[in-house]
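Here the protein sequences line up with chains H and S, keeping their order.
Numbering (the working numbering) for the first sequence: 1 to 133.
Numbering (the working numbering) for the second sequence: 1 to 409.
Any given hint could be a false lead.
Quick list of simulated restraints, FRET-style, between CB atoms [unchecked claim]:
(1) H:119 / S:66: 53 to 59 Å
(2) S:203 / H:43: 27 to 33 Å
(3) S:185 / H:78: 22 to 28 Å
(4) H:99 / S:74: 37 to 43 Å
In case anyone wonders, no lab produced these hints; they're calculated from the structure.
In this text, a Cβ means the ideal position worked out from N, Cα and C, and glycines have one as well.
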Amino acid sequence: MRFMLLQNYGRVESDCPPMSEWSPEDIKAHIAFQQALNAELAELGELVDAQGLAGPEQARFVVSDGAAAPVITDGPFPESKELLAGYRLIDVETVGRALEIAARASASPGPNGVAIQQPIEVREVLSAPDPEL
Amino acid sequence: MAGGANLEDLLRELAPQVLGVLVRRHGDFADAEDAVQEALIAAATAWPADGTPDSPLGWLIRVASRRLANIYRRDDARRRREELAASWSAAGPDPAPGRDDTLILMFLCCHPSLTPALAIPLTLRAVGGLATREIAAAFLVPEATMGQRISRAKAKIKASGEPFRLPSAQDRPERLRLVLHVLYLLFNEGYTSSGGPDLARTDLSGEGIRMARAIHAAMPDDPEVTGLLALMLLTDARRPARTGAAGELIPLAEQDRARWDRPLIAEGTGLITAALRRGQVGEYQVQAAIAALHDQADAHDDTDWPQILSLYGLLESMTGNPMVRLNRAVAAAMARGPAAGLELLDGLDDRLGDHHRLHSVRAHLLEQAGDRRAAAGEFRAAAAGATNLRERQYLSTQAARLAGGQESP
Numbered sequence: 001m002r003f004m005l006l007q008n009y010g011r012v013e014s015d016c017p018p019m020s021e022w023s024p025e026d027i028k029a030h031i032a033f034q035q036a037l038n039a040e041l042a043e044l045g046e047l048v049d050a051q052g053l054a055g056p057e058q059a060r061f062v063v064s065d066g067a068a069a070p071v072i073t074d075g076p077f078p079e080s081k082e083l084l085a086g087y088r089l090i091d092v093e094t095v096g097r098a099l100e101i102a103a104r105a106s107a108s109p110g111p112n113g114v115a116i117q118q119p120i121e122v123r124e125v126l127s128a129p130d131p132e133l
Numbered sequence: 001m002a003g004g005a006n007l008e009d010l011l012r013e014l015a016p017q018v019l020g021v022l023v024r025r026h027g028d029f030a031d032a033e034d035a036v037q038e039a040l041i042a043a044a045t046a047w048p049a050d051g052t053p054d055s056p057l058g059w060l061i062r063v064a065s066r067r068l069a070n071i072y073r074r075d076d077a078r079r080r081r082e083e084l085a086a087s088w089s090a091a092g093p094d095p096a097p098g099r100d101d102t103l104i105l106m107f108l109c110c111h112p113s114l115t116p117a118l119a120i121p122l123t124l125r126a127v128g129g130l131a132t133r134e135i136a137a138a139f140l141v142p143e144a145t146m147g148q149r150i151s152r153a154k155a156k157i158k159a160s161g162e163p164f165r166l167p168s169a170q171d172r173p174e175r176l177r178l179v180l181h182v183l184y185l186l187f188n189e190g191y192t193s194s195g196g197p198d199l200a201r202t203d204l205s206g207e208g209i210r211m212a213r214a215i216h217a218a219m220p221d222d223p224e225v226t227g228l229l230a231l232m233l234l235t236d237a238r239r240p241a242r243t244g245a246a247g248e249l250i251p252l253a254e255q256d257r258a259r260w261d262r263p264l265i266a267e268g269t270g271l272i273t274a275a276l277r278r279g280q281v282g283e284y285q286v287q288a289a290i291a292a293l294h295d296q297a298d299a300h301d302d303t304d305w306p307q308i309l310s311l312y313g314l315l316e317s318m319t320g321n322p323m324v325r326l327n328r329a330v331a332a333a334m335a336r337g338p339a340a341g342l343e344l345l346d347g348l349d350d351r352l353g354d355h356h357r358l359h360s361v362r363a364h365l366l367e368q369a370g371d372r373r374a375a376a377g378e379f380r381a382a383a384a385g386a387t388n389l390r391e392r393q394y395l396s397t398q399a400a401r402l403a404g405g406q407e408s409p
């Protein structure tokens, strides 16, 4: 079963400040945590993809009616907390395992190594085999 | 001289034989399997350039043995040599070498300590002779991820201490059941269409059939083995009609039966007929018998629904599987009218809850019963819970059709 594990820029349970306010050591520790988690999932044969996305300041929204020139909106966005920060695409045997991995991701370390408690959105990918109808 | 497709077929044919010889001689399944993989890759490069050797099997055994020796030299050489010596003295008497090796490998790869997610790729590589890259492509994961998965599977087998021989007569029925289950799941994984023939992607259904044929050749008298092969052939026979030009799923009731594969139907029907004569009916035989009845009908309405209904009743009593009840309800509706089918669905909510298949079957029967509004609601609920994209598209389309007050397509 495939799941997307999505994280956005919204409020986190630990109320920790944005990464722009962390010490270099804390940033380094956070990055190391994410890389180690990815390596562990790869070793287990569960990681399909993991990416960080460019910051919300660089996001653009594109709207088009297919005829006129598209309307492209640059940031900053008042709702930037809803924007995606990054994702993992995992292939696991049970929903429980997907939730377990999400919990690990949620507890990534912030300032002073305290768990960030980031909400991780877990969404199943529609990748089951075709049934015969 | 060594052509592309022929070379690939030859290597895949020989792969489990080479592995069998190496494991018998040197004792370590995991390392031997790595060595065989390396030898296959070497052959795929060398033979087109240098020509196929006079004894391809001998060539592969020699090269794989050398690779294995290198692996041992790279690792802790002395410990391995000691382990080797110990494994030779502990090995039991060999059955006919070679002939049973593919079978032994299948039992080994479908070991009870492996979940199907691990057993399937390991079986495809060690028994099927597929490359990691091909298996990864079939499951849409990176090659490294699939490689790791297979390594984990082999580590579990090693930890189990399972020897390289057929399971005892006492253990064999349960072990065989596991093998058949893995092959059945593998076959069903094959139905991930991508809207058209994708020649680069490994055909998992084809691989399932190939391995079912191999186990049938090794165990021709086992009726459930025969039943599984028959079921696969009879199901695969319908594949050409299952997807439309735009990749959409076409239900059985609407499939163009002229596109069904008649030779496969004939072969599958012959097999299931012979198996049933043995009088040891099992799950796969019943499912194959149902598939044969479908495949013999010229049209959906001409299908022997009463017989299929009775077979689903038998299957449900054998397995207690609530999903079988869903199929039985559809058959009951066709044989006796939608009310009979809907009645069978009562009580399934407790067992299946909000399952999308329960919603979609109920939707189908409600439409048959003339309650278009309720059917539309059930199709919407089914679509909301679907886990396959094309299935969801189909269900949404049905909901829209009924909500819009259109005639049935």
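query = Per the hint of 27 to 33 Å, is the separation of the Cβ atoms of residue 203 of chain S and residue 43 of chain H within bounds?
reply = The hint (27 to 33 Å, Cβ to Cβ) holds, given that residue 203 of chain S and residue 43 of chain H are roughly 29 Å apart.
query = Is 22 to 28 Å a correct range for the gap between the Cβ atoms of residue 185 of chain S and residue 78 of chain H?
reply = Between residue 185 of chain S and residue 78 of chain H, where Cβ atoms are some 49 Å apart, the hint is violated.
ask   = Between residue 99 of chain H and residue 74 of chain S, is the Cβ distance one that fits in 37 to 43 Å?
value = 40 Å, holds
inquiry  = Quick check on a hinted range of 53 to 59 Å for residue 119 of chain H and residue 66 of chain S, using CB atoms only.
reply    = The hinted range 53 to 59 Å holds for residue 119 of chain H and residue 66 of chain S, with Cβ atoms some 54 Å apart.
Consistency with the previously given hints fails for number 3 only.
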